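J.: Chain residues, written in single-letter form:
Protein chains: 2
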Amino acid sequence: MKKYYLMAPGPTPVPANVLLAMAQPMIHHRTPEYEALWIEVHAGLKRLFQTTTDVIPVTSSGTGAMEAAVVNTLSAGDTALVVRAGKFGERWEEICRAHGVTTVPLVAPFGATVSAERVAAALAGHPGARAVLMQHSESSTGVLHDVRGVAAVTRGSAAILVVDAVSSLAIADLAMDAWGVDVVVAGSQKGLMLPPGLAFCAVGPRAWERVATARLPRYYFDLAAERQWLARGEPHFTPAVAIMVGLREVLRMLEQEGLDNVFRRHERLARATRAGVEALGLSLFARAAPSPALTAAVAPAGVDSEQILRRYATSHNITIAGGQGEMKGRVFRLGHMGYVADYDVLTAVAALEQVLHELGQPVDFGAGVRAVQKVFVEAA
Amino acid sequence: MKKYYLMAPGPTPVPANVLLAMAQPMIHHRTPEYEALWIEVHAGLKRLFQTTTDVIPVTSSGTGAMEAAVVNTLSAGDTALVVRAGKFGERWEEICRAHGVTTVPLVAPFGATVSAERVAAALAGHPGARAVLMQHSESSTGVLHDVRGVAAVTRGSAAILVVDAVSSLAIADLAMDAWGVDVVVAGSQKGLMLPPGLAFCAVGPRAWERVATARLPRYYFDLAAERQWLARGEPHFTPAVAIMVGLREVLRMLEQEGLDNVFRRHERLARATRAGVEALGLSLFARAAPSPALTAAVAPAGVDSEQILRRYATSHNITIAGGQGEMKGRVFRLGHMGYVADYDVLTAVAALEQVLHELGQPVDFGAGVRAVQKVFVEAA
Numbered sequence: 000m001k002k003y004y005l006m007a008p009g010p011t012p013v014p015a016n017v018l019l020a021m022a023q024p025m026i027h028h029r030t031p032e033y034e035a036l037w038i039e040v041h042a043g044l045k046r047l048f049q050t051t052t053d054v055i056p057v058t059s060s061g062t063g064a065m066e067a068a069v070v071n072t073l074s075a076g077d078t079a080l081v082v083r084a085g086k087f088g089e090r091w092e093e094i095c096r097a098h099g100v101t102t103v104p105l106v107a108p109f110g111a112t113v114s115a116e117r118v119a120a121a122l123a124g125h126p127g128a129r130a131v132l133m134q135h136s137e138s139s140t141g142v143l144h145d146v147r148g149v150a151a152v153t154r155g156s157a158a159i160l161v162v163d164a165v166s167s168l169a170i171a172d173l174a175m176d177a178w179g180v181d182v183v184v185a186g187s188q189k190g191l192m193l194p195p196g197l198a199f200c201a202v203g204p205r206a207w208e209r210v211a212t213a214r215l216p217r218y219y220f221d222l223a224a225e226r227q228w229l230a231r232g233e234p235h236f237t238p239a240v241a242i243m244v245g246l247r248e249v250l251r252m253l254e255q256e257g258l259d260n261v262f263r264r265h266e267r268l269a270r271a272t273r274a275g276v277e278a279l280g281l282s283l284f285a286r287a288a289p290s291p292a293l294t295a296a297v298a299p300a301g302v303d304s305e306q307i308l309r310r311y312a313t314s315h316n317i318t319i320a321g322g323q324g325e326m327k328g329r330v331f332r333l334g335h336m337g338y339v340a341d342y343d344v345l346t347a348v349a350a351l352e353q354v355l356h357e358l359g360q361p362v363d364f365g366a367g368v369r370a371v372q373k374v375f376v377e378a379a
Numbered sequence: 000m001k002k003y004y005l006m007a008p009g010p011t012p013v014p015a016n017v018l019l020a021m022a023q024p025m026i027h028h029r030t031p032e033y034e035a036l037w038i039e040v041h042a043g044l045k046r047l048f049q050t051t052t053d054v055i056p057v058t059s060s061g062t063g064a065m066e067a068a069v070v071n072t073l074s075a076g077d078t079a080l081v082v083r084a085g086k087f088g089e090r091w092e093e094i095c096r097a098h099g100v101t102t103v104p105l106v107a108p109f110g111a112t113v114s115a116e117r118v119a120a121a122l123a124g125h126p127g128a129r130a131v132l133m134q135h136s137e138s139s140t141g142v143l144h145d146v147r148g149v150a151a152v153t154r155g156s157a158a159i160l161v162v163d164a165v166s167s168l169a170i171a172d173l174a175m176d177a178w179g180v181d182v183v184v185a186g187s188q189k190g191l192m193l194p195p196g197l198a199f200c201a202v203g204p205r206a207w208e209r210v211a212t213a214r215l216p217r218y219y220f221d222l223a224a225e226r227q228w229l230a231r232g233e234p235h236f237t238p239a240v241a242i243m244v245g246l247r248e249v250l251r252m253l254e255q256e257g258l259d260n261v262f263r264r265h266e267r268l269a270r271a272t273r274a275g276v277e278a279l280g281l282s283l284f285a286r287a288a289p290s291p292a293l294t295a296a297v298a299p300a301g302v303d304s305e306q307i308l309r310r311y312a313t314s315h316n317i318t319i320a321g322g323q324g325e326m327k328g329r330v331f332r333l334g335h336m337g338y339v340a341d342y343d344v345l346t347a348v349a350a351l352e353q354v355l356h357e358l359g360q361p362v363d364f365g366a367g368v369r370a371v372q373k374v375f376v377e378a379a
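Sequences listed follow chains A and B, in order.
Count the first sequence with numbering that gives the first Met the number 0 and you get residues 0 to 379, in order.
Count the second sequence with numbering that gives the first Met the number 0 and you get residues 0 to 379, in order.
Extracted from the complex, chain A is given alone in its bound form:
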């Protein structure tokens, strides 16, 4: 027996009680039973998104919900500012390009962030910009962007703020209404600790106004139509029923823990992971504001980071993730989001010690683990 550990930045482990809830016999989506399920889930989602607006489910990966956010709020020829400091920032640009939306990239080196001041200056320079598109947690670099600061500059502007919170919902605080974020996009397979295949668009009042005039073609991703259907008690298209059943379980778990505790847990695990990685002499890839969802670390000089993840997999049966795009070979990424607790990150760091040793690197065994434990004691 070689025990398996999934420690990638999504999909994340699914709790056994949630797996079993989803393994219950299939129910139909046009029944009073499903309607009751949706009513409970929708109320829980609103609390989780920290909003009073409707959270519209989309049966797709997170990228589908990103595209839904674009096609429902913009028109061809519109200009959007895009915070591009990682692979998912690039994805916003690719989606816009596919739909004839002009993008103004606000570029930062991968691992860095773009300040709210830069966004404010760009808005001043592009007063016709209709939207600012950004990530909250940029999963490719492990950086947490300053959504709160950006929202403070967009809320008084003509641009709506659209935030990809796929790897921050139920991980890092994102007060949609209080901060003034107009659209929040999320997925099921990260902080929600569910299988991938269900995503969400929470659409605030300023954004709903845009939906009424946005002219990009949409059918499957038509959020206004879906909202009308749901208001009448059933979804337009057949939803991801099983994941929705699992979501009810997850929302109950998160409510029981309390949202503030959920954020604190992730921050604690992230801090411990960073301390462990640095205690082993490695440097973090995130130069600013590391994300509580994952830790991206730079491979030691002379070591291909792909070797590190292969060793994690072959010697220890642990799945972590490598670098994407230009970061491939340089970076490896440890996820600590969702159904994750202290001894998971301790395991990840202990395995890192073993992996570095196997790759011929000098390792002071226990140094990483000790740093992890110190964080636990201090944060206790």
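Note that these hints are calculated values from the structure, not bench results.
Note that the structure is predicted; figures quoted are calculated from it, not measured.
One or more of the hints may lead you astray.
Since the list gives no way to pick out one identical chain from another, each pair is judged satisfied if it fits inside one copy or across any two copies.
SDA-like mimics (lysine to any residue), calculated; alpha carbons at most 25 angstroms apart, straight line [unchecked claim]:
(1) Lys-2 to Ala-20
(2) Lys-1 to Leu-36
(3) Lys-1 to Leu-19
(4) Lys-2 to Leu-19
(5) Lys-1 to Gln-306
(6) Lys-327 to Gln-227
(7) Lys-327 to Arg-231
(8) Lys-327 to Val-362
(9) Lys-86 to Gly-148
(10) Lys-2 to Arg-29
Using the hints, position chain B against chain A.
T.: Below, chain B without anything else, positioned relative to chain A:
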């Protein structure tokens, strides 16, 4: 205890072994393990679609895959012929309208079909038509359209044939390559007896040529990009991993039964259901070519069909479906697709006897069941 039965025309019951396969710990989609899973599943899907072309998975409901078929093969201003003889035929039109594709509807009353000759005449009258869009099994009316006949007239024309096989894949014979169908769309929650949330586009060589020149905007549904990613061993976007794991189980089950036997089983169950319904004095809604996936029956004079499904639910804990759109109140629909066997349809018909009696209709108890049994004996 009130035993529950799901007998709607999708989602359908999921076999317990498949539920448990999907309840296994989550795996990551960029690993050798997932690649091996996809290679097995893709080979099985090709056999199931009866094609040598690539079957591209789409994480969405069936409607998402319908839209994917349109946006990948057509351009704004193109003309498409649409077989419109039910709610899902209307859906093709709605998708085209959303994208600026002009439709020429080939209309038949709900419950009827459109002959291949009419399609040939329409193609002759619209030589610029770029596509014919149709359902194989029209789930709203219970009619099986003549895909083979239509393919015979489209394959020599400038129009590609795009078939919605959501409720016919693994239910009714659809020989994509042999008949010359260009795109086949399907979903997970019907004949594949999986939860909803995974769909497919099988794209033949004539259609791939179209993809290269089709100009409708697409990103999440970009089938050519997804095909390139999969050829390199991983998906572009995070897929519906759990359903994909379940699909491997289902494909093994279907292979073991044999595709011809799968079709024969559905035909037998459909014939038995129709015999049972008619023996109780009700008439079928499908005037031509009833689908082996479901039986749509007309409620007795003076009875609202919504009452029939409510009774099925409240008295017998059985979920069936009602009529959609203009058929609401007139029609009820019994599904017999996927993980369904003789005694399921016998139960559905026995319950219909009870339901009609409860609604004050005269019932010769056992007449429906007897007719079902006779079909079983004759078909044995």
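J.: Now tell me if each hint is right for this structure.
T.: We went through each hint and held it up to the structure:
no., hint, in the structure
1, Lys-2 to Ala-20, "both (23 angstroms within a copy, 18 angstroms between copies)"
2, Lys-1 to Leu-36, "between (38 angstroms within a copy, 20 angstroms between copies)"
3, Lys-1 to Leu-19, "both (23 angstroms within a copy, 21 angstroms between copies)"
4, Lys-2 to Leu-19, "both (20 angstroms within a copy, 19 angstroms between copies)"
5, Lys-1 to Gln-306, "within (20 angstroms within a copy, 56 angstroms between copies)"
6, Lys-327 to Gln-227, "between (44 angstroms within a copy, 19 angstroms between copies)"
7, Lys-327 to Arg-231, "between (48 angstroms within a copy, 16 angstroms between copies)"
8, Lys-327 to Val-362, "within (24 angstroms within a copy, 71 angstroms between copies)"
9, Lys-86 to Gly-148, "within (22 angstroms within a copy, 47 angstroms between copies)"
10, Lys-2 to Arg-29, "between (41 angstroms within a copy, 19 angstroms between copies)"
When each numbered hint is compared with the structure, no violation occurs for any of them.
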